[in-house]
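Those sequence lines, one after another, are chains V and U. Sequence positions in the first sequence follow the working numbering and run 1 to 104. Sequence positions in the second sequence follow the working numbering and run 1001 to 1272.
There may be inaccurate statements among the hints.
Unchecked claim - DSSO-like cross-link-like pairs, simulated, lysine-lysine; straight-line CA separation at most 27 Å:
1) U:1271 / V:35
2) V:6 / U:1061
3) U:1036 / V:96
4) V:6 / U:1036
5) U:1065 / V:6
6) V:75 / U:1036
7) V:6 / U:1271
Simulated from the structure, these hints should not be mistaken for laboratory data.
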Amino acid sequence: MAEPMKIRAQMKGDSADIRVLMSHPMDTGQVKDAKTGQTIPAHFIQQVIVSVGGKVVVEGQIGTAVSRNPVFGFKVKGVRAGDKVVVSWTDNKGDKRSDEAAIV
Amino acid sequence: MKRTVLFCAAIILAAIALATSSTAGAKDAATAEFEKFRDVLEEDNPAELFEMKGEELWKTKRGPKQVSLEQCDLGLGPGVVRGAYVAMPRYFADVGRVMDAERRIVHCMVSLQGFKPEEIARQPFSNASQTPEQTALVTYVAGQSRNMKFAIPMNQPGMRETYEIGKAVAAYRAGPYDFSCSSCHGDDGKRIRMQELANISSPEGAAKSVQGWPGYRMTGGVMLTLQWRMNDCFRQQRFPAPNYLSDTITALITYLSANAEGSLYKGPGIKR
């Protein structure tokens, strides 16, 4: 089951600084289990969508080059304190997670 | 022929002079770069994910007895988590011994929740696929002492003794390489390659050694505790692996934490 994200969104000048920490193994499918010798199947986040105040501001495809438990940072203009930030991801196994936070 | 030799020698000398001056300069610049790198990383530390997980575990009714850890006494009274991490190791009257944070938390998991110690010890530390529950719990508890000062209650019974044992452990030379913790960590100004080594007998050095643990290690992306770090020191010394939560490790942690007395604890850290 997908673990919650940690989202921080802060107004800095005229733009919001959004930081997202995601909890995900991000297995590349190229690593073998040290004990069993079996390849650990690929398991990674494929799609990330960030919306602020109901409007999609980032929609991205990511892959196995991204580290385990990744951190993302965005700067978004034209938003205000109090706006709701919603971050959601979908991984290659169809697991999903969506979390939200308000801009402070 | 002779002239060529002289010429070569001159070039070599010049090269040596150049190399020495640039190494001295490069070292400071590299150290500064590493510090900048660490500052950037600390802004967004995946350790926070484990703090969240730990908090959830702390408050959830779990184990054979289906209770939460909210009645766990970390030394400041049952359920008091704030500031508990920087005041451990300490003496716990209910068990009549000195315990460090991880040991106390595992003690609570066993005594309150009914978990089996041997099952917890089966996987004591994180690997790529699994983070033990106690690691997340330690991270949560440590996060609740962020920006507080180390204040180890050394006047409690057994603390002095434990400290002295820890000091002796740090100075104990053995293993195939015949060295102790203090061989590398007992003097100022030592380093391995570009890595500066902390002098654990000094307050600043000891503070460095306990600072940043529990820590998220980017190599492998795993969350690791101070207990793990101590075990890994013994592995690097080629000593036999200490038992999980052994008295030896508690003594060593007591020695380090007490030496770090009064320094600011910045909370769970991030490591290369």
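Hints versus structure:
no.	hint	result
1	U:1271 / V:35	25 Å, holds
2	V:6 / U:1061	23 Å, holds
3	U:1036 / V:96	35 Å, violated
4	V:6 / U:1036	23 Å, holds
5	U:1065 / V:6	31 Å, violated
6	V:75 / U:1036	21 Å, holds
7	V:6 / U:1271	20 Å, holds
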